[in-house]
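**Q** Using the hints provided, position chain P relative to the given structure of chain X.
Residues per chain, in single letters:
There are 2 protein chains.
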Amino acid sequence: MIHTKIWIENDQGEMVFGAGQLKILETIENEGSISAAAKKMKMGYRSMWGKLKKMEQRLGKQVLIRKKGGASGGTSVLTPDAKILIEKFRYINQKINLDAENAFDEIGL
Amino acid sequence: MIHTKIWIENDQGEMVFGAGQLKILETIENEGSISAAAKKMKMGYRSMWGKLKKMEQRLGKQVLIRKKGGASGGTSVLTPDAKILIEKFRYINQKINLDAENAFDEIGL
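Chains as they are written, first to last, in numbering that gives the first Met the number 0: chain X, 0 to 108; chain P, 0 to 108.
Chain X on its own, in the form it takes in the complex:
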C-alpha cells in the first residue's frame, strides 16, 4: 500500500505547516485550550506555544483567539483563517493520497 505525506515550507526552507501543525490545531479545537492540548499531546506548554507562535509568524495569519482568565486558565478557539487552513490542508492531503493510490494501482512497483 502506498502512503503519502505533504508539508509546506517557506522560501527559507522552514516548516510552515504539516501533519504536526495540523495535529496541534485539531487538538486545541477538541480540547478547548492550549494547556489541555499540550497535556493531551504530552508536549510542554511552552513548546506548543512556541510552535503556535512560529506557525502564525510563518503563515502571516493568526490561528488562535485566546480568551484569558478564569480559574481554568482561559480557553482558545481557532480563527476562521485556521479553520480554512485545516480544510485546505486536509483536501490537498486527501487528493494527493488518492492520486498516489491511483498511480500505484495503475503501475505498481
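No lab work stands behind these hints: they were computed from the structure. Warning: the hint list may mix true and false statements.
[Claimed, not checked] With a cut-off of at most 20 Å between alpha-carbon atoms, the simulated EDC-like pairs for lysine to aspartate or glutamate come out as follows:
no., chain 1, residue 1, chain 2, residue 2
1, X, K94, P, E55
2, X, K4, P, E55
3, P, K94, X, D104
4, X, K82, P, E105
5, P, K87, X, E100
6, X, K41, X, E30
7, P, K94, X, E105
8, X, K60, P, D104
9, X, K50, X, D104
10, P, K53, P, D10
11, X, K87, P, D104
12, P, K41, P, E8
13, X, K60, X, E28
14, X, K4, P, E8
15, X, K94, P, D104
16, P, K4, X, D104
17, P, K52, P, E28
18, X, K94, P, E105
19, P, K4, X, E13
20, P, K4, X, E28
21, X, K4, P, E105
22, P, K39, P, E28
23, P, K4, X, E105
24, P, K50, P, D104
25, P, K94, X, E13
26, P, K87, X, E13
27, P, K82, X, E105
[Said to hold, decoys possible] Okay, the calculated bits of chain P under chain X, using three or more residues with CB under 8 Å as the criterion:
no., region
28, 3-15
29, 49-57
30, 92-104
[Claimed, not checked] Here are the simulated distance ranges between beta carbons:
no., chain 1, residue 1, chain 2, residue 2, range
31, P, I83, X, I64, 47 to 57 Å
32, P, Y90, X, Y44, 21 to 31 Å
33, X, E100, P, E86, 12 to 22 Å
34, X, K67, P, K38, 51 to 61 Å
35, X, M40, P, I83, 50 to 60 Å
36, X, E100, P, R65, 16 to 26 Å
From the three backbone atoms N, C-alpha and C, an ideal C-beta is built for every residue, glycine too.
**A** Relative to the frame of chain X, chain P by itself:
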C-alpha cells in the same frame, strides 16, 4: 512551497520501499558494490546488507546480482527488476509532487 513524500508498506505495515531504499539502490549502482555504497552513505555494511535482504524479501524480488571475488571484495549490479522498480518509484514520486504543486498553486493555504 509544498513538499511530498511517498513510500510503500506491506499489509503488515512494514516498510517495503521508500526514499531510503531508493537511495541505497542508487548508491550501489553508482559505487558498484555494497561495501563502497555503505561507506559512501556512512552506514555499516551489515546494516545495509540487512536492509537489502529485507527489501528483497518484502518485494519478493531480487534487487542485486552479487559478483564475489577479487581483491576488491566483489561488485554488485542492479537486477532489471530493481531498475524497473526505481523508474516506477521515481515516476510516481514526480507525478505526486506535480499534483501537489498544482493543487497548492490552485487553492493555496
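**Q** A separate judgement is required for each hint: does it hold in the structure or not?
**A** The hints, checked one at a time:
| no. | hint | verdict |
| --- | --- | --- |
| 1 | X:K94 - P:E55 | violated (31 Å) |
| 2 | X:K4 - P:E55 | violated (24 Å) |
| 3 | P:K94 - X:D104 | holds (14 Å) |
| 4 | X:K82 - P:E105 | holds (18 Å) |
| 5 | P:K87 - X:E100 | holds (13 Å) |
| 6 | X:K41 - X:E30 | holds (13 Å) |
| 7 | P:K94 - X:E105 | holds (13 Å) |
| 8 | X:K60 - P:D104 | holds (18 Å) |
| 9 | X:K50 - X:D104 | violated (38 Å) |
| 10 | P:K53 - P:D10 | holds (15 Å) |
| 11 | X:K87 - P:D104 | holds (12 Å) |
| 12 | P:K41 - P:E8 | violated (25 Å) |
| 13 | X:K60 - X:E28 | holds (17 Å) |
| 14 | X:K4 - P:E8 | holds (14 Å) |
| 15 | X:K94 - P:D104 | holds (14 Å) |
| 16 | P:K4 - X:D104 | holds (17 Å) |
| 17 | P:K52 - P:E28 | holds (17 Å) |
| 18 | X:K94 - P:E105 | holds (13 Å) |
| 19 | P:K4 - X:E13 | holds (17 Å) |
| 20 | P:K4 - X:E28 | violated (27 Å) |
| 21 | X:K4 - P:E105 | holds (19 Å) |
| 22 | P:K39 - P:E28 | holds (12 Å) |
| 23 | P:K4 - X:E105 | holds (19 Å) |
| 24 | P:K50 - P:D104 | violated (38 Å) |
| 25 | P:K94 - X:E13 | violated (24 Å) |
| 26 | P:K87 - X:E13 | violated (30 Å) |
| 27 | P:K82 - X:E105 | holds (18 Å) |
| 28 | 3-15 | holds (count 9) |
| 29 | 49-57 | violated (count 0) |
| 30 | 92-104 | holds (count 6) |
| 31 | P:I83 - X:I64: 47 to 57 Å | holds (53 Å) |
| 32 | P:Y90 - X:Y44: 21 to 31 Å | violated (45 Å) |
| 33 | X:E100 - P:E86: 12 to 22 Å | holds (19 Å) |
| 34 | X:K67 - P:K38: 51 to 61 Å | holds (58 Å) |
| 35 | X:M40 - P:I83: 50 to 60 Å | violated (42 Å) |
| 36 | X:E100 - P:R65: 16 to 26 Å | violated (35 Å) |
The structure does not agree with the numbered hints 1, 2, 9, 12, 20, 24, 25, 26, 29, 32, 35, 36 stated previously, though it agrees with the rest.
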